[in-house]
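Protein chains: 2
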Amino acid sequence: MAVQPATKSDYGAAPLGLNVTRDLAAFLARFRFEDLPEAAVHEARRGVLDWIGCALAGSRHRTVETLLPVLKMLNAQPQATVFGHKLKLGLTEASLANGQMGHVLDFDDTHMGGVVLHASSPIFAALFALCERGNVDGRALVCAYAAGFEAGVRTGQAAPGHHDGGWHLTGTIGTIAAGAAAGKLLGLDAQQMTHALGIAATQAAGMQQNRGTMCKSFHAGRAASNGLLAALLAQGGFDSSEEIIEGKRGFARIYSTIARPEAVLDQLGTRWEIERNGYKPYACGVVLHPILDAMVALGQQRALKPDGIARIEARVLPLAVRITGLGDPKTGLQSKFSIYHAGAVAYLDRGAGIAQFSDARASAPDVVALRGKIEVTTDESFRKDQAQATLVTVSGERVEARVAHASGTVDNPMSDRAIENKFLANAAPVIGDARARQIAATAWRLDKLGDARELIDLCA
Amino acid sequence: MAVQPATKSDYGAAPLGLNVTRDLAAFLARFRFEDLPEAAVHEARRGVLDWIGCALAGSRHRTVETLLPVLKMLNAQPQATVFGHKLKLGLTEASLANGQMGHVLDFDDTHMGGVVLHASSPIFAALFALCERGNVDGRALVCAYAAGFEAGVRTGQAAPGHHDGGWHLTGTIGTIAAGAAAGKLLGLDAQQMTHALGIAATQAAGMQQNRGTMCKSFHAGRAASNGLLAALLAQGGFDSSEEIIEGKRGFARIYSTIARPEAVLDQLGTRWEIERNGYKPYACGVVLHPILDAMVALGQQRALKPDGIARIEARVLPLAVRITGLGDPKTGLQSKFSIYHAGAVAYLDRGAGIAQFSDARASAPDVVALRGKIEVTTDESFRKDQAQATLVTVSGERVEARVAHASGTVDNPMSDRAIENKFLANAAPVIGDARARQIAATAWRLDKLGDARELIDLCA
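Just so you know, the sequences run in chain order G and X. Start counting the first sequence at 351; every next residue gets the next number (our numbering). Start counting the second sequence at 351; every next residue gets the next number (our numbering).
So here's chain G without its partners, still in its complex pose:
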């Protein structure tokens, strides 16, 4: 029998002598548009354009079509636009729908600065719902968008074991990003922002187990609506722990085997995380992008039918195959988690856009034939943006492609023109070419808009 004097614990004391959450919140509440470098503002312009394209392209997806009747049944009075539909829903429902459609095609932006976060779907879906109440100009929208990156990415950096722990970061830290962004748009003070972070984080959820199902993009929608609710509650006086990141039972400790809360404050105010955002040329997880660059390059060098190919040797980071090791995908959603499918279809079609991850393509005979010939080896020395592939013909000839930095990453970014072309390809089939070009022109002057509804009204 062990009997010991008890020590008094205290949920109110920061264990490391750091006030990480409060300091972050104070910074988020305080910074102004003038504090943002032009490079950060330009990323906001690129980000809004890319994201709207993804949302419009996703707006007719079966996942979204399944979600919307339930949200309509919840029967909120119309307050906010559902993108790509002639429909307004309540703030909660619209932000959920728009967040889900932004992510459903796995085509939205990716931040890889110590996280894998698709920040724009949670952030913009929360912000656009609030913008429809009026009185939000382009500069306020840019500030709020940037605030979401700072909060979400930095909280993720405080929890370096988070992704390996099995969490879908767009659901978890996406909620925190959306809460901070919505809080910035609402003009919360430092105390309220602290609570917004606390209320958002305590709703953070989303399991990698749900990859390949409708729930994956649902995580992004839920992050948007939950973050929005957190900010509104904080504005209304709802409170929370003031150490939600660094506390003994706070985010960095319970969502991660490693806690590094001090990372939150590293270069805060000088390094703007929005500047490190990336955009996708392919409609699937970024982990596949380097090998898809290689597969497209092989297809451009030597276009063969599957029966002319003995095998394709793919060499990737181990993480790639852990996430996308599905050998025999049955649906379009599942096919995004198959390096075999993605590699085969990228070689055959010389690209990997929305059409390449459809239900039809997942079971197409040429793809099925080729994916059985893809042999994957892993190389721990590879960077996240690196891959190589070697095609071996039935006659024994070898063709090789090496990728040092995948396209769309920080070291090999998509150009403004490439982003606009991607946007037009995404948006025009849904909303028409003329309207799509209007949206693009409006997005490029995002920070000059007198009212953010100029942009939203074009997306209905």
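No lab work stands behind these hints: they were computed from the structure. Glycine residues also receive a C-beta, built at the ideal position from the N, C-alpha and C atoms. Any given hint could turn out to be false.
[Claimed, not checked] Examples of chain X residues lying across from chain G (beta carbon under 10 angstroms, computed): (1) Leu446; (2) Gly537; (3) Ala540; (4) Ala551; (5) Gly597; (6) Ala768.
Model the placement of chain X on the given structure of chain G, informed by the hints.
Same frame as chain G, but now just chain X:
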């Protein structure tokens, strides 16, 4: 440089050869009222009465008064009753409000079968919102309530490291409980129920870091509304992983350092978890209840003012002090996490009801004086329902109280009469004595109700 052949992974295969989630879902979808033992049905009657009392008593709490204006602003059309208010909100908002008010006083029921779950707040808040759409009789409500216990408690049992990991189980497995309960009420088939579990679990959240804040009861409200949404989505054809509990990145593995998925199926259909539910005589966490029994007993044996007391030696399980070690609580909400406050006030007031955890009592001079004299030692050999306390007077006299099984636990349950008395004390100040007695009479014949709205209409 390590280069290895990749093995194909598959998110679609259960790693242990178990179909835990599917088997649980099939059971939940299949069982009928006739399968429930009378003891289980009677616990449903006790549970509904106790929970409504807690919700009514909590309906005017500052936390709820802070929540409601935001929910009204979300502006859903009125579909479901907010208990204790002349107000209807949308299904999401009403279930959130009712779940929060059910838990805000820490007075609601507790299941301790390998979990610490306040199941009724998430479950009933979800179910009552659905009941208002009509066509739900008392037997269907009892079945759905029981289904919620089976899903929530058993998922918790599959993740034995979950509570120690820092999670608030009423938020996390409460979401799963609410999802399964709502799914049962909606009559989901086995496939849909599998998805309801998957959609609910992937929203599971709530950090212990938020103890003592408005977020703690918010977790219960969010569990209700998120579980409800999960069931509605599953009914509408939304899908999810089919191994959300046992999968490689499923609940048992990422919310717990220990995974025991096979526990889900242990005695399924013969052991009904609802029969192991407990009710609270004190308005705070169950971990404090044994020592509060002892403090009340000391107060009954020897009532002294603080200046007549040298010290009170409290001996408890280490867990009790880990959770409630706050030495100097400032608010009523914080005072629930202070064994020093709770012990002092229970001794002085010979009880620990709602009034004992008010802001006023948290700073009352007699309580503050006595809580500084409480010395806590921990004893690892104690059971969860065991404690002892020794009062030492200034003249050196010693008075001792030992508690073998705290009142309200499975081994020392509250009687039906004690539950009704607690209910009347909770409900009458809010809703009047006559109406409260009507509710009690209705709850005792829960399974005989032709329409569950008979009960709900009395609670508005």
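Item checked: Hints breached by this structure -> Going through the list in order, the structure violates hints 2, 3, 6 and respects the others.
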